[in-house]
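Engineer: With these hints in hand, go ahead and build the complete structure from the sequences.
Protein chains: 2
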Amino acid sequence: MADLYIALLHYPVYDKDRKVVTTSITNMDIHDIARSARTYGVKRYFVATPVRTLRALSEKILDHWEHGYGSVYNETRKEALSLVALTDDLNGVIKEIVQETGETPCVVVTSARSGPRRSSFAEVKMLLDAPGVPLLLVLGTGWGLTEEVLDRANIVLEPIQGVGEYNHLSVRAAAAIMLDRLRQAR
Amino acid sequence: MADLYIALLHYPVYDKDRKVVTTSITNMDIHDIARSARTYGVKRYFVATPVRTLRALSEKILDHWEHGYGSVYNETRKEALSLVALTDDLNGVIKEIVQETGETPCVVVTSARSGPRRSSFAEVKMLLDAPGVPLLLVLGTGWGLTEEVLDRANIVLEPIQGVGEYNHLSVRAAAAIMLDRLRQAR
Numbered sequence: 148m149a150d151l152y153i154a155l156l157h158y159p160v161y162d163k164d165r166k167v168v169t170t171s172i173t174n175m176d177i178h179d180i181a182r183s184a185r186t187y188g189v190k191r192y193f194v195a196t197p198v199r200t201l202r203a204l205s206e207k208i209l210d211h212w213e214h215g216y217g218s219v220y221n222e223t224r225k226e227a228l229s230l231v232a233l234t235d236d237l238n239g240v241i242k243e244i245v246q247e248t249g250e251t252p253c254v255v256v257t258s259a260r261s262g263p264r265r266s267s268f269a270e271v272k273m274l275l276d277a278p279g280v281p282l283l284l285v286l287g288t289g290w291g292l293t294e295e296v297l298d299r300a301n302i303v304l305e306p307i308q309g310v311g312e313y314n315h316l317s318v319r320a321a322a323a324i325m326l327d328r329l330r331q332a333r
Numbered sequence: 148m149a150d151l152y153i154a155l156l157h158y159p160v161y162d163k164d165r166k167v168v169t170t171s172i173t174n175m176d177i178h179d180i181a182r183s184a185r186t187y188g189v190k191r192y193f194v195a196t197p198v199r200t201l202r203a204l205s206e207k208i209l210d211h212w213e214h215g216y217g218s219v220y221n222e223t224r225k226e227a228l229s230l231v232a233l234t235d236d237l238n239g240v241i242k243e244i245v246q247e248t249g250e251t252p253c254v255v256v257t258s259a260r261s262g263p264r265r266s267s268f269a270e271v272k273m274l275l276d277a278p279g280v281p282l283l284l285v286l287g288t289g290w291g292l293t294e295e296v297l298d299r300a301n302i303v304l305e306p307i308q309g310v311g312e313y314n315h316l317s318v319r320a321a322a323a324i325m326l327d328r329l330r331q332a333r
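So the protein lines, in turn, are chains W and Y. For the first sequence, my numbering begins at 148 and goes up steadily by one. For the second sequence, my numbering begins at 148 and goes up steadily by one.
These are computed hints drawn from the structure, not numbers from a lab. What you are looking at is a predicted structure, and each value in this text was computed from that prediction instead of being measured. Do not take every clue at face value.
Simulated crosslink set (EDC-like; lysine to aspartate or glutamate; CA at most 20 Å straight-line) [claimed, not checked]:
#  : chain 1 : residue 1 : chain 2 : residue 2
1  : Y       : K225      : Y       : E213
2  : W       : K272      : W       : D162
3  : Y       : K166      : W       : E222
4  : Y       : K242      : Y       : E312
5  : W       : K163      : Y       : E222
6  : Y       : K225      : W       : D162
7  : Y       : K166      : Y       : E295
8  : W       : K163      : Y       : D276
9  : Y       : K163      : W       : E226
10 : Y       : K190      : Y       : E226
11 : Y       : K163      : W       : E213
12 : W       : K190      : Y       : E312
13 : Y       : K163      : Y       : D276
14 : Y       : K190      : W       : E312
15 : Y       : K190      : Y       : E295
16 : W       : K166      : Y       : E222
17 : W       : K166      : W       : E294
18 : W       : K163      : Y       : E226
19 : W       : K225      : Y       : D164
20 : Y       : K190      : Y       : E250
Non-contacting residues of chain W with respect to chain Y, defined by C-beta distances greater than 10 Å in every case (computed) [stated by the list, open to error]:
#  : residue
21 : H178
22 : I241
23 : T248
24 : G262
Don't be surprised by glycine CBs; every beta carbon is placed ideally from N, CA and C.
Structural biologist: The structure is reproduced here in structure tokens:
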């Protein structure tokens, strides 16, 4: 089984008018996705933003849960948040995985938009189930990762399809569903 | 295909010391689960709390998204939040479904704890895929629904199993995964 990593990018992503923006870090994104990541055996959860002061603030909050009062108040939260690593951008994430594993990860980006060159969940699950290089699942905030990020990925994952046309899941819900589909034994 | 309803109960649930408490309504629970519910064709999403002032506050926030500035700013959010109904407790939820459909729903409660009398996702999906009475999926906040709620349900759904022992998903993530498992065509 290949190792699985997750990254949440706050830049470059679209806003609702398809302008390229940097979104703010959201506390709930860190907690929820860390808990899902821990549940599904993810090796590390990278939270990436180019804004240094937001990284510093997040470090402070993580420290509360990992070493401060939060670590005593809620141990399961500590266990989840210990997976979180703050970094600047996608290159920084890849560099850290290379340092950790000695291998360049296969970059799988996600998008709620359909388009050419999408791989199915079943195809990506097959990669993960076999031994191989680490797999990095990249999620975007705001209105999603820019085309530039999609273009440089090894794989673009198909969108999550519900029962109709509506596909505006929160990134927290999308991450949970993706991990369940990719890691669940069935 | 049977109709699917969801309810999020803020009472009676356990706190971390297994005391029975009423939790506070969380804005993110309403938004995230409403978006997942809309994605997976849920008929209505009931947010239940016995605290009348919290219901009133939530109504005000929902009104912003459904009729106020939010409805123009973000139409997809409006579409999701139009599924939300505020009510007092599980009896109130069941009463509303009976009024809406003329039928008493099959009550499926969820728990992260394992125990006797759990039905698998596959079994509940089979019920949903066939024509029949509406199905009500009940989720708890805090440290989960009390045994009393589990005891009066028609069905107790098995916990979501990740890849290890850790099973502390957020209720937002759990709801998303459950809907995907129960409603996804595969």
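Engineer: Take the hints in turn and mark each one as holding or not.
Structural biologist: Do the hints match the structure? See the list:
| no. | hint | result |
| --- | --- | --- |
| 1 | K225(Y) x E213(Y) | holds (5 Å) |
| 2 | K272(W) x D162(W) | violated (30 Å) |
| 3 | K166(Y) x E222(W) | holds (18 Å) |
| 4 | K242(Y) x E312(Y) | violated (38 Å) |
| 5 | K163(W) x E222(Y) | holds (11 Å) |
| 6 | K225(Y) x D162(W) | holds (18 Å) |
| 7 | K166(Y) x E295(Y) | holds (13 Å) |
| 8 | K163(W) x D276(Y) | violated (36 Å) |
| 9 | K163(Y) x E226(W) | holds (16 Å) |
| 10 | K190(Y) x E226(Y) | holds (12 Å) |
| 11 | K163(Y) x E213(W) | holds (18 Å) |
| 12 | K190(W) x E312(Y) | holds (15 Å) |
| 13 | K163(Y) x D276(Y) | violated (36 Å) |
| 14 | K190(Y) x E312(W) | holds (15 Å) |
| 15 | K190(Y) x E295(Y) | violated (26 Å) |
| 16 | K166(W) x E222(Y) | holds (18 Å) |
| 17 | K166(W) x E294(W) | holds (12 Å) |
| 18 | K163(W) x E226(Y) | holds (16 Å) |
| 19 | K225(W) x D164(Y) | holds (18 Å) |
| 20 | K190(Y) x E250(Y) | holds (14 Å) |
| 21 | H178 | violated (7 Å) |
| 22 | I241 | holds (24 Å) |
| 23 | T248 | holds (19 Å) |
| 24 | G262 | holds (19 Å) |
The earlier numbered hints that this structure contradicts are 2, 4, 8, 13, 15 and 21.
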